[in-house]
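So the protein lines, in turn, are chains A and B.
Heads up: the first sequence begins at 27 in the working numbering, then just goes up one per residue.
Heads up: the second sequence begins at 323 in the working numbering, then just goes up one per residue.
Note that these hints are calculated values from the structure, not bench results.
Everything numeric in this text was worked out from a predicted model, so none of it was measured.
Ideal placement from N, C-alpha and C gives every residue a C-beta, glycine not left out.
Worth double-checking, as some hints may not be accurate.
[As the list claims (entries may be wrong)] Just some of the chain A residues that point at chain B, by a computed CB distance under 7 Å: (1) Glu149; (2) Gly155; (3) Ile165; (4) Pro168.
The primary structure of each chain is shown beneath.
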Amino acid sequence: MFKAESWAALFRDYRIFLNGLIATVQMTLVGFSIALILGIILGLFSTSGKKPLRIISRIYVEFIQNTPLMLQALFLFYAVTFAGFRGFKPLVAGMLALGIYHGAYFSEVFRAGIEAVPKGQSEAAYSQGFTYVQSMWYIILPQTIKIILPPMVNQVVNLIKNTSCMLLVGGAVDLISATNAYAVGLSTARYAAAAYVFSGIIFFAICFPLSRIAARWEQRLKARDQQGNIPKKKNAPDNVSDAELDRMIGENSDGELASGTRENSSEGGGLE
Amino acid sequence: MIRLIDVHKSFGNQEVLKGINLHVKEGEKLVIIGPSGSGKSTLIRLMNYLEEPTSGQVYVHTHLMSHNRRAFINKIHSAMVFQQFNLYPHLTVMDNLTLGPRKLKKVPKREAEEIAMHYLKRVKLEHKANVYPTTLSGGQQQRIAIARALTMQNRVLLFDEPTSALDPEMVQEVLDVMIGLSKEKNFTMVVVTHEMGFAREVADRVIFLDGGVILEEGTPEHFFKNPQNERCKAFLGKIIR
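Next comes chain A alone, as it looks inside the complex:
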């Protein structure tokens, strides 16, 4: 696989991978948009006071989270086609499947974010005369953004990786499908190992920075949380310097934050 010949072949056929990457990025962007819209709507449903809305959201989330993405994608692509409709192109089916699937996870991220904002915030808003929608828009959602960004980015990473399930949908054009077609192709099968490694490098180059950003944001959030835990002045000894005080605070507070919502562990096989 480390033969120069293999890599030369990949270099020669770079267009195949580039087109695959473009399709994967398209699928990711459109899938993300669908998931975001679904996630906000369902997240608001699940935190609303109206029981029917909460039930709708709950059923959606549980159903989508407890069936395989692969099955959903196949259903979208084949079942809909066989039902007599014209069916979707593989790319469109992929976008929809990813959007619907990750919409369920996004909705849980939003729910956790909204629930993390103290109830007093919406009460203050209502007491001033804000409506539900206004209070969400001006007061609650701006406060959730910082909380939900890290799990959100993690979900985007999952979404990018999940474009791979399009492989089973015949004729798909995304990066994984393109790589696999290349690797099993008669004339190119010799370069299979290098092709898989190359594809892996591309995915890593996209996903790793995103994961790092998410981790950094999460760290910063924890740090900000610890600031909130500074003991009241009267409780602190009088004769310590600021630096010492900082160190003591660092030791005392664990600054745990509930950003490890359940969707983070979902892909890793139920850590909760």
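Start from chain A and add chain B according to the hints.
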């Protein structure tokens, strides 16, 4: 100004308020006292419909309160100060004060900031306009919360245990602001509090709530010197030392 007619409120199986009839007159300063769990917080929160009654009616000015009319009625009639301040932590003090007037009453930004500054001066925190609330002490936050309530320029001010979450040394600075407000005839004030000195000083009327009913009501003189109800006597005996 506020009228509660045979208001009942239950949480699950527990009936917290058992038929309250109460009329708060325009300009009146009403203080509600009672032991914890007596329903006094629920009672004041009914007045701006943060709690909705299980049965009975709430009128504010001439409007019958309902879930759908809550936003409209609160916008033009009342403002509330909470035990936990509930300032918006993602906004500066100035934005905390101008958000309501700008978005709800369509006051132009400049004018809203002038109004906000006026009330910030009133609570003596004009130098804190551009900081975030979390950097302030509890007493300062509560004074900002009062200023925020005032910037809505409504007649009814509801205070739900405004000093209960404060360190003892900060209680007075908040009470001083409230005493100042109580001298203005325009404001109708309803205050849930354990501060008996404050009640004695500013109240036109005090009501004692226990077990979801009003057990005693009257002027502060009557109330503190000569309470009739045994439970009220016992409560006052415990709380006034």
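Status of the hints after comparison with the structure:
no.: 1; hint: Glu149; in the structure: holds (5 Å)
no.: 2; hint: Gly155; in the structure: holds (3 Å)
no.: 3; hint: Ile165; in the structure: holds (6 Å)
no.: 4; hint: Pro168; in the structure: holds (5 Å)
The structure shown violates none of the earlier numbered hints.
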